[in-house]
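J.: Sequence:
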Amino acid sequence: DVGMTGLLGYGACYEAMHDADLLVLLGTDFPYQDFLPGARTLQIDHDATRLGRRTRLELAVHGDVAATVRAVLPLVEQKTERSFLDHMLHRHATALEHGVSAYTHDIERHRPIHPEYAARILDEVASDDAVFTVDTGMNNVWAARYITPNGRRRVIGSFRHGSMANALPQAIGAQLAYPGRQVIAMAGDGGLGMLLGELLTISMYQLPVKVIVFNNSALGMVKLEMLVDGLPDYQIDNGDFDYAAIAHAAGIHGIRVEEPTDVRVALGDALTHPGPALVDLATDPNALSIPPHITAAEGKGFALAAGKTVLDGGVGKMIEMARVNLRNIPRPTITA
-1 DVGMTGLLGY GACYEAMHDA DLLVLLGTDF PYQDFLPGAR TLQIDHDATR
49 LGRRTRLELA VHGDVAATVR AVLPLVEQKT ERSFLDHMLH RHATALEHGV
99 SAYTHDIERH RPIHPEYAAR ILDEVASDDA VFTVDTGMNN VWAARYITPN
149 GRRRVIGSFR HGSMANALPQ AIGAQLAYPG RQVIAMAGDG GLGMLLGELL
199 TISMYQLPVK VIVFNNSALG MVKLEMLVDG LPDYQIDNGD FDYAAIAHAA
249 GIHGIRVEEP TDVRVALGDA LTHPGPALVD LATDPNALSI PPHITAAEGK
299 GFALAAGKTV LDGGVGKMIE MARVNLRNIP RPTITA
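The letter at position 73 of the sequence shown is residue 71 when you use the numbering used here, and the numbering goes up by one with no holes.
Hints listed in this document are in silico derivations from the structure and should not be mistaken for laboratory results.
Per label pair, the in silico range of CB-to-CB distance: (1) G149 to T259: 30 to 36 Å; (2) L57 to A247: 57 to 63 Å; (3) G61 to T259: 51 to 57 Å.
Backbone N, C-alpha and C fix where the C-beta goes; we use that ideal spot for every residue, glycine too.
Work out the full structure: start from the sequences and follow the hints.
T.: Structure representation (structure tokens):
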């Protein structure tokens, strides 16, 4: 595992793709053109309209991915040289460990709760075959970076359409389909607020769905998109609501967490509760997801937004945002 690329990316994947001799795309219509290298690329897909749609190809194969791979593997000479792979694995492991430790060292000083820390603790306490449903927005990033895939876990989201408020409805469906598995909805406060009535559904049917609310009182991804476009955030605040109290009123076990030192105990309590449960994590509204690759235009946009915010009297706001995110490792690469 060398991480991921694209907007959710982390670790060494971006460097691995750009330094590789050959990039093989198996059944993926990779949407992020800015992250694709100019390297030699081979693409296999059952949908011919996707071939070469994102980047120039050395070879395009129209067919079933599994059948094609099975036919090609016997013809490929296996090589024992793995210095490139080992180098990228080491870079990814170092970046991931460094990034995690930045938010787990002296955690009592990191208040409000940093979402990356909460996501890593959730990964550690969740079952090995848990089903995670992930709201569109920042939760996509935290899940992609910190929920460890092991072949048994499943992650469900609205990755193609980017629809908000998907986590809780998807969790209801997953729990009904797999009543014996742990189902965890990683919800944002923005998404949960849109379909708050679904809490009544899991209460009424006593579905043991565990709702983990990353409550930053804002639309975090919209905030980030505005900043990179040079716009100070505007009308992205949701208000500071106590979703644990709302859950309790609906007959659901609800826990409100404001201290980082209480995160592990609260998550463990919720996941072992026999019925539906909700954990309302008061996360840092200034925490941003830094992609592995930032263009000069995006960097310029962020600087422009920062300047406008400062001129509007928001010096303290920008200082706090910098303080929170300068710990974010790995450092992104910036290109023109």
